[in-house]
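Following the hints, position chains B, C, D, E and F against chain A.
6 protein chains.
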Amino acid sequence: MIRPSGRAADQMRQVTLTRHYTKHAEGSVLVEFGDTKVICTASVEGGVPRFLRGTGQGWITAEYGMLPRATGERMQREASKGKQGGRTLEIQRLIGRSLRAAVDLKALGENTIYIDCDVIQADGGTRTASITGACVALVDALRSMKQRGAIKKVPSVQMIAAISVGIYQGSPVLDLDYPEDSAADTDLNVVMTDKGGFIEVQGTAEAAPFTPQELTAMLELATAGINELFAAQLAALAD
Amino acid sequence: MIRPSGRAADQMRQVTLTRHYTKHAEGSVLVEFGDTKVICTASVEGGVPRFLRGTGQGWITAEYGMLPRATGERMQREASKGKQGGRTLEIQRLIGRSLRAAVDLKALGENTIYIDCDVIQADGGTRTASITGACVALVDALRSMKQRGAIKKVPSVQMIAAISVGIYQGSPVLDLDYPEDSAADTDLNVVMTDKGGFIEVQGTAEAAPFTPQELTAMLELATAGINELFAAQLAALAD
Amino acid sequence: MIRPSGRAADQMRQVTLTRHYTKHAEGSVLVEFGDTKVICTASVEGGVPRFLRGTGQGWITAEYGMLPRATGERMQREASKGKQGGRTLEIQRLIGRSLRAAVDLKALGENTIYIDCDVIQADGGTRTASITGACVALVDALRSMKQRGAIKKVPSVQMIAAISVGIYQGSPVLDLDYPEDSAADTDLNVVMTDKGGFIEVQGTAEAAPFTPQELTAMLELATAGINELFAAQLAALAD
Amino acid sequence: MIRPSGRAADQMRQVTLTRHYTKHAEGSVLVEFGDTKVICTASVEGGVPRFLRGTGQGWITAEYGMLPRATGERMQREASKGKQGGRTLEIQRLIGRSLRAAVDLKALGENTIYIDCDVIQADGGTRTASITGACVALVDALRSMKQRGAIKKVPSVQMIAAISVGIYQGSPVLDLDYPEDSAADTDLNVVMTDKGGFIEVQGTAEAAPFTPQELTAMLELATAGINELFAAQLAALAD
Amino acid sequence: MIRPSGRAADQMRQVTLTRHYTKHAEGSVLVEFGDTKVICTASVEGGVPRFLRGTGQGWITAEYGMLPRATGERMQREASKGKQGGRTLEIQRLIGRSLRAAVDLKALGENTIYIDCDVIQADGGTRTASITGACVALVDALRSMKQRGAIKKVPSVQMIAAISVGIYQGSPVLDLDYPEDSAADTDLNVVMTDKGGFIEVQGTAEAAPFTPQELTAMLELATAGINELFAAQLAALAD
Amino acid sequence: MIRPSGRAADQMRQVTLTRHYTKHAEGSVLVEFGDTKVICTASVEGGVPRFLRGTGQGWITAEYGMLPRATGERMQREASKGKQGGRTLEIQRLIGRSLRAAVDLKALGENTIYIDCDVIQADGGTRTASITGACVALVDALRSMKQRGAIKKVPSVQMIAAISVGIYQGSPVLDLDYPEDSAADTDLNVVMTDKGGFIEVQGTAEAAPFTPQELTAMLELATAGINELFAAQLAALAD
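Sequence lines, in order, name chains A, B, C, D, E and F.
Going letter by letter, the first sequence gives residues 509 to 747 in my numbering.
Going letter by letter, the second sequence gives residues 509 to 747 in my numbering.
Going letter by letter, the third sequence gives residues 509 to 747 in my numbering.
Going letter by letter, the fourth sequence gives residues 509 to 747 in my numbering.
Going letter by letter, the fifth sequence gives residues 509 to 747 in my numbering.
Going letter by letter, the sixth sequence gives residues 509 to 747 in my numbering.
Chain A with its partners taken away, still in its complex shape (with noise of 0.2 angstroms):
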């Protein structure tokens, strides 16, 4: 099996994570795997949604979007046809959970964060991407609210991080791009944290059923995959 970029089966694309991308939001970061390139930004707003009211409780809650010509053919306009598809209430449902886990929604007061993660390039990994990428956005919005009094320290965060896997042509392989995730028989996202945990592992038999020794195998590579990120979202905080 050879992959369309010649990567390895366990080799990753280049990431990158640069923060401060823009310059109105409490946290702002380009999150590019290989040509995906994502705009994730947090944003703090005071007020929880009702049902937290008076609670003393944060929330985190995420949008996700693509620009129409993200991807080789230009897709509709979501806010022109007047509804969120189903794919993108999905993806945004995922991208706040996984969130969600990564902080003690107490320690926010009652505070909100939006994550916007908004697609400019898609090539595969739109949600990992996002998902690894909008970690590192809500740090820096938890230092900005810490910073300007909003919270009396910065919470503890558990990191999260998020990789494709897939059995492409009968083998597993790490990071699919958008040729292998077309082609692939089998598509797993997985979300971890940096504890090692599982937040979420959604497996989807595209052509074929998967057995559980691909599913173990696919796990592995994952796992492997998700410890680089965290090492590059480390790395990005340590600037």
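The hints are simulated quantities; they were obtained by calculation from the structure and are not laboratory data.
There may be inaccurate statements among the hints.
The list treats identical chains as one, so a pair stands whether inside a single copy or across any two.
Unchecked claim - Okay, derived cross-link-like pairs now, DSBU-like style, lysine-lysine, Cα gap no bigger than 35 angstroms in a straight line:
#1 K614 - K589
#2 K654 - K614
#3 K531 - K591
#4 K661 - K703
#5 K589 - K531
#6 K703 - K654
#7 K591 - K614
#8 K654 - K589
Here the structure is a predicted model, which means the values were calculated and not measured.
Below, chains B, C, D, E and F without anything else, positioned relative to chain A:
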């Protein structure tokens, strides 16, 4: 650990599959997993979506809904809200993907089968009950297509069934009901074929991350449970 | 004139009212007029719409829906279309108005009762079956309010029932089923109280205008039919 | 009983029908029932809805709207709310059904006539004024179709007119204005043909149920009033 | 160059302003620029949008609509389409901005004036006719507020009027009607105050770019035309 | 008068145009006017809107969006609101009209070019930056059409650029940034061709009306600024 229902950790709820539940649809099944009750219909229409026209291939798509008072608290009707929520879209995409794995779409000719899963009473596990019941309705719809000559022979079907498992109070349990589901640390939905392959594995850490060992334990429970479901499907179809 | 079902002109279909049909709602009734089957629930919530706040008065409102394959041809789901059609809105307005005539709203306190009528199988007369079943669900909901102390005593209820009549092949007939309804010259829905007064009279000439004499004949048929429905309601509530 | 307007129980308001009220539509009528003023246009377009294509038959459909300040309190514009309310849909369905009874649709060829009824000032009875005025606009549109050769001859038209009657302070009254309408015990809208047949009879008990005797009395008042409307239509069309 | 209407290049159409056109609104004006006819109402409501609450300041906002058959071809009703088009939103934003320039909003107290401009017949220049008529309706609404004590004195109003000019067949012309508008090289809408200042200048090259000299010539024509409109407004308000 | 940025009254911000910014679109430009950053793509698709089918002529249309946190305060995403706001529609109509003036649409054949302008960081002047950047993307798209044979030769393009000017603290200034824009007395957007003609002139008095003299002064500033933009476009296209 004692389950709220008093069931053993690997014990499923009573499962019943009632065929020909309503009279108009080509396939119509009431599926019950304990107090969870879903009407699953399979409706056949000539024609396929635009992207398949002229290919000679068919299509299977799914929609999911809940009656407003299927739940403990009344939920606003999606038709009057003017849109389907993210959870609904996520579930109906899952049902559709799962059932498309059951049949070779080429054997359908240019026909579309609409699967409708409508929850009339919810007590946890509605999406897995839906998939399990819909697969039986699908078989009935295929038989009806054969009978009225829309297809020459009933295509061979890979049966599909689904169950939820989870970590409840630290232990893996099979077939979560609502009290367990709302208190579980982890919730995992598994869709399998009767050949033993995975079609979907969707695990979400609700309270605490889960370990590879817990994942393995849950998948084993799920596999055993799904085998019981295959038996129930076969028995129903043999009537 | 021979009716498609072989019934006499003044003969109703088999009517059944099954209370406690689902477990969550305060009132839950499956009503069947022959092959027409509707789940009617009555859900109690504290609070009233804005225009009643502070008046001490309650409110009753209704919503109506059909499962996509309740009918001979599958209809598109209103939730996925993004709006309720004119027929749906017309029917649920009729149900709400009718049931508000059953109870003195002042006796409810500032509580709202939501009536949901969901057709799981349609064979003509869904709106009249809905009203007839919902009135029983409403009584159960009032009893449940009394039981949990939301109101001091069950308010006296003026029972409400409804039936359709029509001119079929030149003759007045009672309780039209779908084959009659789609071929009738005139269709008339009548809602009455158990004191014998009219709540709604809605007659529509489908093919030919109707005369005052035909109207009188139809109203007499309807009155007789509705009296049978009151008997069925009383019997159900006596169980 | 003294009516707020001082009219006798069987006295209608001043009715005027002004043809050619606006210049673009094939038929355009300003109808006034006292202070209720509605612009009714009939617009002809080639083609019919999908379900009629190839049948050689035409179609008539109606839409109804109110200017935001047609009423005593400003109502939110339906175009900015993003949907038409239940009352609007109910009324425009009634207008469309009524006018389809006026003409043999086969005589139209595959053309559609759009009826638009826009209330510029409301004082009760807008739906009945709309039907009455729209029937005149329809005749003008048919004549214009003949003139430009879209049809060979003007089809014979069964004139349609409508009036509201009610029980006000215990007595039947004809042609309710807004102060009566909002205080009436019962409100009944009647649509008839110039041959004396009923097209629609829609009675609603607002405060107290009504008796068969009251219904008969109201229908007699309505019949007399509608005859005055037929005379007004004929006079207008003779100009 | 000969204008389709035979008018001189600097000649406006007949302008009429009919006050008290409908009876419910605090201000109600029918404005006619030749065959263009718009009903402009000004409705007063207590309260202001959220961003002004507690400031003691009022607000003026505008909505614009066209009856479906105000135009040569019937347009689909925006209420049934489910949204207002871009042209509608653009025009109502322009009307609102223009009229907010007429009055010191602080003098209104926390009240909102809703301007509704509904075109009943269109023949070019609907937005400028709307602004011109709405300003008169606004004055009437302010007087009515004073009369019923909502404000202590009628605030001083800077009258606002608007006209369109254009380059038609190479020459600047005043007050374009529809045949000119649809064939013009350039279309320029000008809104001015009675002190001679510009509120809005919106010029669009339809066919060919326009020069600074053409812009100057058009603005001079517009200024002269608007002065005629101020005279018409004053005369109407003096009645 | 001292500008917040310290710029001279006739001094523009740093302008950069980065071609080939994303990889999928036929034309893709990042345009920066100081801190205002917009991604402009031009996407080519075969076919034209219905009103042009069979004419042999092409079409250019535009859409505009902002990332939710492009601004100082996060704005709700239009895709999740379910509609594009009035400001968005107004801007995208302006961009589309402006770019259609750049090319003879007949030279495109029956192809459509979609212009997408997505603001990733806003600091005033997003609509004028969008037009200026999109024109460069359009040229790249035309070249790509020629290269793959969709058109025989690259049509001649009349370059289009746009700038905002205003009256700030009583003086005319060029290229307003956000602090100036939000405090300006008047805001004027000007779109010109490289031949010196006006395509659009849109001036709005925000605080005080503006005089003909101020308009002239602003237009002169704008003309000078736009000439700098044409130079920047040419330099970018020469790379």
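Do the hints match the structure? See the list:
With identical chains, the CA atoms of K614 and K589 are at most 35 angstroms apart between copies only, with a shortest distance of 29 angstroms across copies and 37 angstroms within one. With identical chains, the CA atoms of K654 and K614 are at most 35 angstroms apart within one copy only, with a shortest distance of 15 angstroms there and 39 angstroms across copies. Taking the shortest alpha-carbon separations for K531 and K591, both the intra-copy value of 28 angstroms and the inter-copy value of 27 angstroms come in at or below 35 angstroms. In this assembly of identical chains, the alpha carbons of K661 and K703 lie at most 35 angstroms apart only when taken from the same copy (22 angstroms versus 54 angstroms across copies).
In the homo-oligomer, the alpha carbons of K589 and K531 lie at most 35 angstroms apart both inside one protomer (29 angstroms) and across protomers (25 angstroms), since each shortest distance falls under that limit. For the identical chains of this complex, K703 and K654 are intra-copy neighbours only, at 25 angstroms inside a copy versus 53 angstroms across copies, given an alpha-carbon limit of 35 angstroms. Taking identical chains as interchangeable, the C-alpha atoms of K591 and K614 lie at most 35 angstroms apart whether they share a chain (32 angstroms) or sit on different chains (32 angstroms). Only between protomers do K654 and K589 lie at most 35 angstroms apart by alpha-carbon distance; the minimum there is 31 angstroms, versus 39 angstroms within a single protomer.
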